[in-house]
Amino acid sequence: METTLAYSLPTDERALAARARSGDLEAFGQLVSRYMQRAYYAALGLVGSHDDALDLSQEAFARAFRARHSLDPERPFYTWLYTILRRLCFNFLRDRKTRARKLEEAAGWLTDQARTRASVYDPARAAEITELRVLVATAIERLPDREREVLVLKEFEGLRYREIAELLGIPIGTVMSRLYAARRELAASLVEGHNE
Amino acid sequence: MMGALDGELGEADLAELQRLLEENPSLQAEWKRLQEVKEVTSTMALRSPPEEVWETYWTSVYHRFERGVGWVLLSLGAIVSLSYGLWKAAENIIADVTIPGIVKLAILVAIVGAVILFVSVAREKWFVYRSDPYKDIQR
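Chains A and B supply the protein sequences, listed in that same order.
Going by my numbering, the first residue of the first sequence is number 34, and it counts up by one from there.
Going by my numbering, the first residue of the second sequence is number 81, and it counts up by one from there.
The set of hints was computed from the structure by calculation and includes no laboratory data.
One or more hints might be untrue.
Going by beta-carbon spacing under 8 Å, a handful of chain B positions derived as facing chain A [what the hints assert, rightly or not]:
(1) G83
(2) A84
(3) E88
(4) L89
(5) W111
(6) L114
(7) T121
(8) T123
(9) M124
(10) W138
(11) S140
(12) V141
(13) F145
All C-beta atoms, glycine included, are put in the ideal place defined by N, C-alpha and C.
Just need the whole structure built from these sequences, with the hints factored in.
Here it is as structure tokens:
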């Protein structure tokens with residue numbers, strides 16, 4: 034997954050954003066191609082299903098184009114897009130009728146592709162982690178939305194605290210406190226798992 | 081502890097954390113639990129969609145623009161046509177001498193009421209949107 038730093042502005046992005054702002058669909062299309070994967074994965078981390086993540090991330094781009102007059106070419110495009118995307122995702126989560134559906138899909142959006150990475154150094158520990166991963170994935174689904182959001186940005190998008198803070202428009206201290214709250218919940222789920 | 085787990089802590093802060101951990105067994109226990117969480121989450125990743133998704137992504141976004149424009153045009157056309165139809169119907173009813181005056185008056189009053197309601201709601205929405213300081217705040 035390609036990750037562009039939220040606070041660094043690629044040289045040609047300013048020009049693309051300016052053209053997109055004036056209604057140039059081709060320029061906007063290039064911005065979509067550049068950020069579609071990142072937007073999709075961000076939505077996936079928030080809503081937890083492929084179809085919904087695809088729909089919401091595409092809708093975010095469509096709304097972004099409609100709201101292009103508020104796009105500031107001097108600011109990173111993705112930061113602006115993300116405010117639209119997360120609002121869509123949170124509204125979607127709020128409106129989702131039953132939590133049962135959410136739990137039904139638990140862990141379906143996460144993959145253990147990194148299992149091989151763990152097994153390289155310690156096969157026994159890798160097997161243990163495989164079991165723990167199921168507990169953690171379920172616990173991630175149960176986290177409050179804002180805590181899960183920060184955890185996903187940190188763990189799965191690999192952003193640094195400063196980048197997360199900028200993306201969400203919150204202080205770094207809040208990023209860390211949300212991350213701590215999230216990890217404490219996950220730790221509790223592991224303790225429960227160990228006790229069973 | 082978060083900074084230490086994520087490698088975002090300086091040497092001095094790390095040393096301070098180490099000192100606190102040595103002094104406080106309960107903090108040390110929590111640290112170990114958090115380390116285990118970090119170990120597990122670092123072996124997880126978001127599931128990748130099929131490659132075809134990226135090939136058709138932009139087209140799907142573009143179709144949304146088209147549909148958006150289509151809906152706006154359809155809505156505008158429907159509102160204008162419907163308004164014209166209602167106006168003509170009202171004209172015919174008013175011109176029809178076989179319909180009692182009280183019914184004509186009632187229809188006229190209903191139309192005026194509908195227009196007032198429409199304008200009122202539209203105006204309120206517009207003013208609220210323009211002056212709402214929280215419109216961009218996530219509820």
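For this structure, which hints from the list above don't hold up?
Per hint list: 2, 4 and 5 violated.
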